[in-house]
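Guided by the hints, dock chain B onto chain A, whose structure is given.
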Amino acid sequence: MPASLQHEALMLAQPVSDDPRGFSLRQSLLLAAPAVLCLLAFFVVPLSTLVEQSLTSPRLGLQNYVRALGSDLYLLILWRTIRLAAIVTVLALLLGYPVALTMSRVSGRVAGLLAICVLIPLWTAVLVRAYAWIVILQRQGLVNEALLGLGVIREPLRMLYTEGAVILATTHVLLPFMILSIFSVLRTIPPDLDRAAANLGASAFATFRHVTLPLSLPGIYSGVLMVFILALGFYITPALLGGPETLLMATLIGQQTTETLDWGLAGALSVTLLVITLLLVGLFGRVLRLEGKG
Amino acid sequence: MGGGEPRGSARSLEPLACALSETAWTFLPNRTVVMSGSEKNGPRTVMLRGGAVSVEGAKRHFGSVKALDGVSIEVAAGEFLALLGPSGSGKTTLLMTIAGFEMPDEGRIIVDGRDVTGFAPNARNLGMVFQRYALFPHMNVRDNIGFPLRMRGIAEGERRKRAEAALETVGLEGYGDRLPAQLSGGQQQRVALARAIVYEPPVLLMDEPLSALDKNLRERMRLEIKRLQKQLGITVIFVTHDQEEALVMADRIAVMDQGKLVQEGGPRALYERPANAFVAGFLGETNFIDGTMEGLEGEAGMIRLSNGARVSGRAPAGLTGRARISVRPEYIAVHTRKPEGFSMEVRLQEVIFAGASTIVLAEAGLAEPINIRVASSAALDGRLPGDPLWLTWRSDDACLFAA
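Those protein sequences? They're chains A and B, same order as listed. Under the working numbering, the first residue of the first sequence carries the number 1, and numbering increases by one thereafter. Under the working numbering, the first residue of the second sequence carries the number 1, and numbering increases by one thereafter.
Some hints here could point you the wrong way.
[Claimed, not checked] Quick look at which bits of chain A chain B covers, simulated, 3 or more residues with Cβ under 8 Å:
#1 125 to 139
#2 204 to 218
[Unchecked claim] Far from chain B, some chain A residues (derived; all Cβ distances over 12 Å):
#3 26
#4 56
#5 62
#6 90
#7 109
#8 142
#9 143
#10 154
#11 155
#12 172
#13 200
#14 201
I should point out that these hints are in silico values taken from the structure, not numbers from a laboratory. Fair warning: this is a prediction, and the values are worked out from it, not measured in the lab. All C-beta atoms in this analysis are idealised placements derived from N, C-alpha and C, irrespective of residue type, glycine included.
Chain A on its own, in the form it takes in the complex:
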């Protein structure tokens, strides 16, 4: 399309903004440069090295990928990682949506209180939260003590170092991302739409199903995508709260780089995880576009 190219060339030649106080394109590029350089130095270069190592260490070839994808154990860990990420995502959605909905409906002091409840965990270090869960879930932890004290159980339950603990703690860490994604969309829905639906005869549930839910889908998509991707690569929480039977991809890759020093395998596993993540992102983008058209 030469016409549109010409148009773009014109756009590039002119200051991007008509606002006299706005930045020209050159100034904008200059302002973006530090971030771009950082990305290049600390992300693109290491990533290239990783890919290179996965293909060349200890010698040129695909042997690292054959090992990574040919091993039942590694495939099991990969599957477990995806499964856990999916469970965490669904839980975060189910727990987060009502919170986001409430946040979008209340105002004043209650809204502020809710926002603080959501944000404070987000501002707390992941490590701190993991240790907090250890305190709560361990054999002599708060939960076991309470249940023993109440006489509900006779023997302490094994909760720490289980899949359940990993799911619980990961959901806890990632929940704010889901809530904030959905909230940011819900707050843009005019309150008049709810009133209109009610006036037209819709029950509270029908209003939610036919109006609120469809209009909040973009927030659900972005929240689900963000939580799922973050959960796929989650490291500290599963490493601290999980046991051998809950070994996940990130922990596995960590072991290769720090314990067995098998950089080639670590690279192959990383690239596999990255490709799967990108595939899922692409798939989501497709669904989103289709949804947008429909």
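Here is chain B on its own, set in the frame of chain A:
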């Protein structure tokens, strides 16, 4: 939903749409529209029954603010009532209370003979057009209009038919597949209207529905909504802060101020016989001049203004002492020679051409110049600022209030 009335194809809007286009039709007293003309099966009737609304002693306060301070009003079936008032007067709160979005602290709301005070909004079966239309942005026009029908369990095929008929009623045939964002403001307004009448509610509530439109479109929509209301026979309660809108559209106007109903009546009655200075000032333009009462004879009162002039107007019984006279600009006659009888001598200040009429500002030694509207300023041709003029008005056209 809670409507309690059988709904069926007989109540479809489809024949109505034809009626609105060309077919001859008449109203019967019970608001049955009888059609004659191109119908194959002979005349068909569509029951369109407007419902009466009555608000009894509604009170509602937010903190220390009394949004509704004991409002009672009756709206007859098929009547077009405008709730007029400045912002914060309680008119929107009253509408929201009728719609069920606000619960009154005291008082009752009766719609169509049913006490709906405790009813949820979705159980009231009232039509409503919101200020910003509140169309569902993710649904096309057809689904928007079909929404209330869907909520009433009406099947898809019937929904389509009735939505299309409602679109025809508002003059938007063939727009069913568009999304609200693809429509202009005026078109969105019509869709909102179609959606509010497609389920044939007895009462239609409108919350400043024209305020988002530009002036020309607003003036056209006024007449169109008015025409549609008469044709459908539906009861309309219309909130507005625009006095001209209220005058043009309403059968009856209820003026509200500070949570209270100040005066209600026909547009002319309110314009010509305002009950107090607030109504006189809010409804239309007027000149307020302060003075002291000099005499009262029946309805006619005489007031001495601060410039010494003695003028007359209609006064409430027993008015004495400090008072204020209100004279509308178009009720004042301008003379270039001193007429017989009472007149007020002034000096010409400025003549401003305003299209359909001309504004004459006259200096009378008062706090503000007197504002006069004349159809033509031909009589003032050649007069210069400072030249003397004499003003007169019929005593009946001016109103005296306690100051």
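Against the structure, the hints come out as follows:
no. : hint       : verdict
1   : 125 to 139 : violated (count 0)
2   : 204 to 218 : holds (count 5)
3   : 26         : holds, 36 Å
4   : 56         : holds, 51 Å
5   : 62         : holds, 47 Å
6   : 90         : holds, 24 Å
7   : 109        : holds, 15 Å
8   : 142        : holds, 43 Å
9   : 143        : holds, 42 Å
10  : 154        : holds, 51 Å
11  : 155        : holds, 51 Å
12  : 172        : holds, 32 Å
13  : 200        : violated, 4 Å
14  : 201        : violated, 4 Å
Checked against the numbered hints listed earlier, the structure breaks hints 1, 13, 14; every other hint is satisfied.
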